[in-house]
Amino acid sequence: MEMRWFLSKIQDDFRGGKINLEKTQRLLEKLDIRCSYIHVKQIFKTSDYPVVLSLENHCSTAQQEVMADNLQATFGESLLSDMLDDFPDTLPSPEALKFKILVKNKKIGTLKETRERKGSDKRGDNQDKETGVKKLPGVMLFKKKKTRKLKIALALSDLVIYTKAEKFKSFQHSRLYQQFNENNSIGETQARKLSKLRVHEFIFHTRKFITRIYPKATRADSSNFNPQEFWNIGCQMVALNFQTPGLPMDLQNGKFLDNGGSGYILKPHFLRESKSYFNPSNIKEDMPITLTIRLISGIQLPLTHSSSNKGDSLVIIEVFGVPNDQMKQQTRVIKKNAFSPRWNETFTFIIHVPELALIRFVVESQGLIAGNEFLGQYTLPLLCMNKGYRRIPLFSRMGESLEPASLFVYVWYVR
Numbered sequence: 001m002e003m004r005w006f007l008s009k010i011q012d013d014f015r016g017g018k019i020n021l022e023k024t025q026r027l028l029e030k031l032d033i034r035c036s037y038i039h040v041k042q043i044f045k046t047s048d049y050p051v052v053l054s055l056e057n058h059c060s061t062a063q064q065e066v067m068a069d070n071l072q073a074t075f076g077e078s079l080l081s082d083m084l085d086d087f088p089d090t091l092p093s094p095e096a097l098k099f100k101i102l103v104k105n106k107k108i109g110t111l112k113e114t115r116e117r118k119g120s121d122k123r124g125d126n127q128d129k130e131t132g133v134k135k136l137p138g139v140m141l142f143k144k145k146k147t148r149k150l151k152i153a154l155a156l157s158d159l160v161i162y163t164k165a166e167k168f169k170s171f172q173h174s175r176l177y178q179q180f181n182e183n184n185s186i187g188e189t190q191a192r193k194l195s196k197l198r199v200h201e202f203i204f205h206t207r208k209f210i211t212r213i214y215p216k217a218t219r220a221d222s223s224n225f226n227p228q229e230f231w232n233i234g235c236q237m238v239a240l241n242f243q244t245p246g247l248p249m250d251l252q253n254g255k256f257l258d259n260g261g262s263g264y265i266l267k268p269h270f271l272r273e274s275k276s277y278f279n280p281s282n283i284k285e286d287m288p289i290t291l292t293i294r295l296i297s298g299i300q301l302p303l304t305h306s307s308s309n310k311g312d313s314l315v316i317i318e319v320f321g322v323p324n325d326q327m328k329q330q331t332r333v334i335k336k337n338a339f340s341p342r343w344n345e346t347f348t349f350i351i352h353v354p355e356l357a358l359i360r361f362v363v364e365s366q367g368l369i370a371g372n373e374f375l376g377q378y379t380l381p382l383l384c385m386n387k388g389y390r391r392i393p394l395f396s397r398m399g400e401s402l403e404p405a406s407l408f409v410y411v412w413y414v415r
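At position 350 of the sequence shown the residue is numbered 350 (UniProt numbering), and the sequence of numbers has no breaks.
Hints are computed from structural coordinates only; laboratory data are not their basis.
Glycine included, every Cβ here is placed at the ideal spot set by N, Cα and C.
Just to be clear, a hint being listed does not mean it is correct.
Beta-carbon label-pair distances, calculated as ranges [stated by the list, open to error]:
#	residue 1	residue 2	range
1	S93	T290	32 to 38 Å
2	E113	N372	32 to 38 Å
3	R175	A217	25 to 31 Å
4	T346	P288	16 to 22 Å
Sequences are here, hints too, so could you generate the full structure?
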């Protein structure tokens with residue numbers, strides 16, 4: 001997939017008690033764990049575009065061979081197991097990979113070597129892949145970090161084509177040595193630091209290589225970070241904990257409403273062009289949009305926990321995007337009417353980078369003692385908003401439709 005696209009990436013993150021990995025591997029080696037075929041049939045129901053299957057691989061080589069057999073048997077021709085003839089040294093577009101499943105994992109050797117081994121018996125053939133810090137020449141100032149060798153089964157390695165997992169070292173190292181099919185995963189803490197200190201290098205990196213951002217290990221409660229800050233610098237995959245509802249998941253679901261909910265969104269031109277010097281924290285050349293929203297009324301708003309239509313309802317309109325565009329405005333509170341409140345208020349926003357902006361409508365019931373109670377929300381990209389009179393549907397905190405609950409608004413914007 002070309003570096004021009006945002007990809008919908010969700011990480012199901014389960015952190016339980018400690019597991020004896022070595023013992024678990026021994027128990028699993030003789031197991032044959034297969035995917036349910038009914039799941040496979042549903043993969044391309046929503047979108048024809050490729051699905052990336054990211055493996056968290058701690059298995060022995062014997063079990064990796066079982067995984068490779070199961071992947072091939074389950075996905076069949078949908079599994080991409082060889083490079084496309086038209087793309088031997090560049091990433092293909094999502095259009096060229098329609099109805100394909102790509103495996104993301106460690107890989108041994110090059111794509112050319114993988115093609116040469118195609119059709120041969122790879123069972124029992126594996127190689128060591130060293131991870132950790134290599135010994136550097138010269139005087140050792142610090143205690144050397146131990147290196148460990150992870151054994152990779154060739155049968156599984158050869159299923160990795162355009163999504164080879166490679167440890168991120170530095171932007172300079174990537175410019176000099178990283179291959180086009182190698183993808184990096186960077187923790188949110190390191191990524192946030194790099195986005196502030198080396199933003200231009202970071203954006204240049206995301207133009208060439210698929211970059212994934214994942215939650216820091218200290219999020220033991222499976223909480224999420226705000227994905228917007230990493231979309232602003234062009235990161236293709238921003239991994240979130242799907243099981244945790246809230247603002248980050250609302251932004252995730254809202255952003256990927258674009259392009260028909262296909263899971264792929266073309267990045268703005270300033271995040272694709274090599275001559276661009278875009279900096280989300282320092283916007284110099286821009287053509288801002290003036291967005292006007294007249295919030296007219298609410299329609300059958302959700303009930304509060306007290307199950308009363310006499311709640312004190314209000315609406316908050318939020319803008320998420322580059323730092324200068326982040327803002328929110330709020331309506332007045334309509335007392336004792338959550339069924340059909342009428343606000344008839346107009347709000348104006350000046351948005352400097354509309355291509356990255358998301359608009360979020362949040363409906364709450366005012367609470368003076370326990371705080372406001374969340375009733376529903378809807379998030380969508382600014383440029384997906386149609387002008388004129390519109391009905392805004394509402395969704396619960398868990399992302400479920402609250403039909404027929406909605407807002408009635410009038411939208412207009414000029415550039």
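Tested hints:
1. S93 to T290: 32 to 38 Å: Given a distance of about 34 Å, which is inside 32 to 38 Å, the answer is holds.
2. E113 to N372: 32 to 38 Å: 60 Å, violated
3. R175 to A217: 25 to 31 Å: 28 Å, holds
4. T346 to P288: 16 to 22 Å: The hinted range 16 to 22 Å holds for T346 and P288, with Cβ atoms some 18 Å apart.
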